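A.B. asks: Protein chains in written order, with numbering that gives the first Met the number 0: chain U, 0 to 242; chain W, 0 to 242; chain P, 0 to 242.
These are computed hints drawn from the structure, not numbers from a lab. Quick caveat: nothing in here was measured; it's all calculated off a predicted structure.
Repeated chains share a single entry, so a pair holds when one copy, or any two copies, can fit it.
Below 30 Å or equal to it, Euclidean Cα-Cα: the simulated BS3-like pairs (lysine-lysine) are:
no.	residue 1	residue 2
1	Lys1	Lys177
2	Lys177	Lys74
3	Lys74	Lys155
4	Lys140	Lys8
5	Lys214	Lys1
6	Lys155	Lys1
7	Lys158	Lys74
8	Lys140	Lys14
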Amino acid sequence: MKQAGLLKKIIEAIKDLISEATLDCDENGIHLQAMDSSHVSLVTFYLKSNLFELYRCEKKLSLGINIVSMAKILKCGMNDDTLILEASDPGDLLNFRFESRRGHKVGSFELRLMNLDMERLSIPDTEYSCIIEMACAEFSKVCHDLFTIGDSITIKCGKQGVNFITLGDLGTGNVRLKLGTTVNDNDEDAFAIKINISKSLSLTFSLRYLIYFTKASTLSNTVILYMGEEVPLSKIFINSIHF
Amino acid sequence: MKQAGLLKKIIEAIKDLISEATLDCDENGIHLQAMDSSHVSLVTFYLKSNLFELYRCEKKLSLGINIVSMAKILKCGMNDDTLILEASDPGDLLNFRFESRRGHKVGSFELRLMNLDMERLSIPDTEYSCIIEMACAEFSKVCHDLFTIGDSITIKCGKQGVNFITLGDLGTGNVRLKLGTTVNDNDEDAFAIKINISKSLSLTFSLRYLIYFTKASTLSNTVILYMGEEVPLSKIFINSIHF
Amino acid sequence: MKQAGLLKKIIEAIKDLISEATLDCDENGIHLQAMDSSHVSLVTFYLKSNLFELYRCEKKLSLGINIVSMAKILKCGMNDDTLILEASDPGDLLNFRFESRRGHKVGSFELRLMNLDMERLSIPDTEYSCIIEMACAEFSKVCHDLFTIGDSITIKCGKQGVNFITLGDLGTGNVRLKLGTTVNDNDEDAFAIKINISKSLSLTFSLRYLIYFTKASTLSNTVILYMGEEVPLSKIFINSIHF
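Pulled out of the complex, with its shape left as it was, chain U reads as follows (with noise of 0.2 Å):
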């Protein structure tokens, strides 16, 4: 991996989430599906092996990971680190190798594995009658705002705008972004809020998990959010990122 700073921002994204999760490895790259602890939200993240200079992956193997010790490892890198993650079957150990730049420098880590038992859920595809595109940071100052005032936060998406209401016991919030307008003349696609929508609604979340997946905002300039009113959980998807 050239870039040790990315594994490092999306670990740190989901530290605070999810305390343990299953790296699934094949030959196509590295995925990660994990609920969080009270099974409200799902994270899931896939690295593709093109993402690495180089991939190599003879079996599937599935390595169970603490994220939060994943984490600490990782802050032992510099973000422009080369990363060298190594497993073998059997072992128990997942090893993290930092090369610096100028090559002074190698930090050796070996993580301890675990035993996890974790299914991997089979998501439908759903269709969503509302898909709303924003600016991560916008997204999250609306979020962080409002749960100032309370613990809930409403989507209501209509074709002129996406309001977001919360309501206190110090009273109420109501944000409202207004479809199409710019918010930055020099830049021709920034925008405040672009709307996908066949039908309106109104949907209630809770904010807690809300500021959680704003953290991925280190990861992405722009946030998705799929909305149905039919599907039992709805999506946030943070966009990934392509290289």
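Since the structure of chain U is already known, use the hints to place chains W and P on it.
C.D. replies: Just chains W and P now, with coordinates in the frame of chain U:
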């Protein structure tokens, strides 16, 4: 109000000192007067109607405010948002509406009002034998430095300068600011301290309260201390901002 | 003393490790030697008289100092203030006088002295089989990184480089610094590590104490580790500053 940031700064400056207060609104502006919960200090501020781009108050209205809640709502706005405050009579809500510069975002917040029994104190005009003007930053540093040593501060004012004195378990501290010294060659207005004195005096204050007062340093560059022996309570004014 | 900031940095660096110490003053300078409260580490520093613009000491004087209180007083000065230290014999006070550059402000502080029974240890001159020189920042990062994994650190020194090794519940960490690699092309003096070795060795230390020592990184760019197997206590010197 053109700049939501101003009201935010004011409320931030007082929220650690007073938790509840009444905003008295009439056709000339908004007046706040409140004592802290220990009845040691008195906070007043006056937002004149011309500070607002548009100000309308058809009848006198007293709004009982939870200052901490109001600070939370004000934090939800950006400093350069336009802020619209609205209350109706009868009514138990104060509405805050933040409109972003670009027009893409509108935040509407309702703050529940409280019934507060507040008597408005009338403060007799008094003559102060000693008036000191100095930079807020310098006053703040002196108070914070001496607070690491003792709990109270004696301000001793003479024609040549001012001494700030404290006494604690570890020893003593005495900071002297000399009259008439320029602290910055490039700026003719830069001065260490200005003193207007009719009689030397020495007064002792609780440092904890002075440190609360220094939070208003965000509002002004200079602070004026009005001190008089004969008055029960010496006044410390943070300079008002003029528009 | 021309720069109050220097003494502030020194005291800040040691105040978490030792709470009380004796300043031994004679005509040549001020000497401090103190063990931490667990008697694991020994701190010494020596301020030579030529470090001061003016230095006068008519008879030997030992001043028992509460280091935490002294740190509080030193924080009351600005880094570029002139600092005048005064003590008389007999006397139970150490006076600090900070004079601002512009002359507008004088801070006078008195620190109460303590009666401390301190024996001055004489440290025998020893030969060290391994002397390592490296950047303070690098040493500090290695110690902090490994402290997230384990409590102790093994420093293993050979002719080709140095390994810093730790072991914890989550796994192991091993950071290797290679000899002779330049870390910065523009600066000829920049190097990863310099080693002066007569015999390979491997010694284990408490990371907690090494991290206390790294607080002295504000005083110097490089650290020199003196290690020898036969000596009960290996020395770690943070490079002294020369004027």
